Amino acid sequence: MTPNVRDVLQGVAVALATPPSPEVGMAYTASRMGMVSTLAVLAAGEADRAARDAITENAAIRALFAGAAVHDADGALTAAAAEADADLAVPALDAANARLRRLLIGLHEKVEAAGDGDMNRKIVALYVRMAQIRRMALGG
Amino acid sequence: MSGGLSDAIAAYLGRTWDEPVEIVDLARISGGASRETYRFDALVGGERRPLILRRDPPGSLIETDRRSEFMALKSFNGRGVAAPEPLILELDGAELERPFFVMARIDGGATASPFQPDPYAPHADAIARDFFSTLGRIAAADPAGLPIAEVFEPPALDACWKRELDYWSGVIEADELHPQPIVRAAIRWLYAHPPPPAQKLSVVHGDYRSGNFLHDGEGKIIAVLDWEMAHLGDPLEDLGWGLDPLWRHTNDSDQVGGMCTKVDALRIWEAASGLKVDPAAFGWWEVFASVKGQAIWISSAREYRDSGFREPILCFSGWYTARRQDEILAAHLARLAA
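Those protein sequence lines, which keep their order, are chains Z and F.
Residues 1 to 140, numbered by the numbering used here, are exactly what the first sequence covers, in order.
Residues 1001 to 1338, numbered by the numbering used here, are exactly what the second sequence covers, in order.
Simulated from the structure, these hints should not be mistaken for laboratory data.
Since we're looking at a predicted model, the values are computed, not measured.
Note that beta-carbon positions come from the ideal geometry of N, C-alpha and C, so glycine has one too.
Not one of these hints is a red herring.
Just a few of them, taken from the derived set where beta-carbon distance is under 7 angstroms, the chain Z residues facing chain F: (1) 8; (2) 14; (3) 39; (4) 121; (5) 124.
In silico contact screen, one side only, chain Z against chain F (beta carbon under 7 angstroms); selected entries: (6) 2; (7) 10; (8) 11; (9) 23; (10) 104; (11) 105; (12) 128; (13) 131.
In silico negatives: residues of chain F with every beta carbon more than 12 angstroms from chain Z: (14) 1019; (15) 1021; (16) 1089; (17) 1091; (18) 1092; (19) 1118; (20) 1122; (21) 1123; (22) 1147; (23) 1152; (24) 1166; (25) 1196; (26) 1201; (27) 1252; (28) 1280; (29) 1286.
Okay, chain F solo, but in the shape it has when bound (with noise of 0.2 angstroms):
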């Protein structure tokens, strides 16, 4: 494979490293939706180097900050947390025309796609364990020692929650397209009853969910992709988003992630982080999860056809996927009100 964007990261990596560097093998994968990924081999000074390019596209599912997930990956890299090495910010785009950044490419694994029923057997419980033991290690982190402290301001335990609430919910305001009376109500109810502070702060993944991983398929995670929404917060956050009824894989209302139960997810959790999982707080960021992804779809539908039509993923986030969240918000609402 060759072309334009072939020419300009040679033309880039050779004038960072100093080094000639020819780029082979350059194709693009589905990896993360807020950002064009691209595969390749850097063939430099004898040696091989698999690496994967995240570059700004023109339109995006969500608009993030690529510094903030460089530094996150920074941030745990080596750090018992499967995040791949990040090598190099170039936040000016320079050749490549937009910001980007390298990071080193980790082969042989498999990602999980959200209508494969049961994708990780026959090691769901291994890939459970990991998975929420990756996550409870991540919460245990202090976020004051890390890389990604450079990057934001430590919110106050108790307007963690605030804070993602007022972004998510002024996402929807700016992007709706039709009235949304379901994720509407769910805002309000979330405003009307503010979780407790954060036990603790924490890095947040942001995404942290089935199918943003690499796993070997004999139940071990090699690789935890997709940090571009991470940040500082509560660490309940993430753990309401992984638990989303979105990422269940089948109709089995008491299954999580495809992996395992929520009793057996908010186990291994607490176990690895040393934390607990106050009931009530909990049922806060469930709701808010829902919230949140709902921000997202109708921000791809409003980016989908602000854009011209051209991303057929937005428009399935904003449309299929939207039609799926509002289910789950209804459910939400239906249990609260009860």
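Isolated chain Z, as found in the complex (with noise of 0.2 angstroms):
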């Protein structure tokens, strides 16, 4: 997902590497910082999460890929769908998590062409699912 941990880390320390200018006052400055406080805040929750959300969905959308056979014609998303998550790293599973929801649009386009209203609604679920699973609570 983007920005990850590290690029909100990165704007956090640019944030408090940099003085402010003799023009902005201390009411932007003061609202400026809370805000770089809240994302040094959303950033610890997303560094506990960030892993396993993200196995998470893209166990979700492979399991969706193993009932699609029918919209399948090439093979990618059976060959998807029987991978795993084998480096746990943040940004190899953020990889894998970029190169499985290409297949999902495609996929869905594929659906939608189609008319096949009955898979429409299993990705539609899973959308529903995958903005849940990445949610994120302001209190971390």
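Using the supplied hints, reconstruct the complex from the two chains, each of which is provided in its own coordinate frame.
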């Protein structure tokens, strides 16, 4: 997902290391630091969950692909469904997630073109689940 | 407060007004994520003028034309909408190095934070009446007679939806960093189910929502802000944006912008605009609003990365807000697929 925790913390570091310019004033600086602290708290929560969330989403997408053989003329979905997340580093999980999401977009386009209402509902249900998996709480 | 910017403003205004100007109390404020916004007082000719400077930043949430924002303000200032008075538009940047405009400052108002659960209590009903009747008056105005018509070619009534959808889906295509299947499904649905032609051509504020106005704390809106995405189009576009669940302030699914119910919002708007809300057309604009939102958040994430991780607000929008928008989009798609 983007930005990832590394991107967020880079921004936190940049903000903390950059002195405010003279014309900015205290109120804006305080507001900006409030946002920076919110990002740091969100990053802490994301660091705890990022690997688990990516693994969960990747597994859910693969499970859908396993039941989509009728729309898998080139075998790409079946092959993806048979894979597993071997490298559990977050960048590797994110890269796998990007590949699976691209395949999912292609599958959905085929399903819509074919008028397959049942599979369409399964994909949309997966979207709802994906959004829930990735939900962020401001409490961390 | 003093410094390079203060001196630059003084030099510019002194040259423009042809008399000495002193700048005092210059401070940046958080309003408007696509412009650097500063408040200051200009001491000139024995008067103290409270002003706002809106200057193009090196990077921003959205790429917009400052002239269209200026002309939108000019279109509605003094015409039944609390639009601040636009004063000076400088497209070359001059002493300030980047394009900017100056407008009158309206003091004494408050804005709502998205994280306030009940931002307008105990005056939410009055704010709702003012908010949606103001939007109704914007929708009712004939753009042909307004300054903003100098900036935009009027689209055909049956082309309003496609122009906006083409633009925002193009933003997603250009700026997406990680594949986004949910918003792409919503975009395909929008293209496959176009709305009926707009019932009239209107000025569209473009970011009309809770948090983008000043209120006096007693139920009255004293300034409608952030016109940077103003354009001509279908009046239902603003209504869909203002009612997007992103701006709800709470988890109450029947609540709109921390003010009122959806039914009340549409009733107030219809009465003020003299227009009707066709449910099918409005349903399209509701989904479009969430697509446009996601385009802005995706663009924020891109800008955050490309500009060297400088602006925390870009990070927050491209991360937390984008994920919330995905939830809203997925709920739209689930409703449509049921």
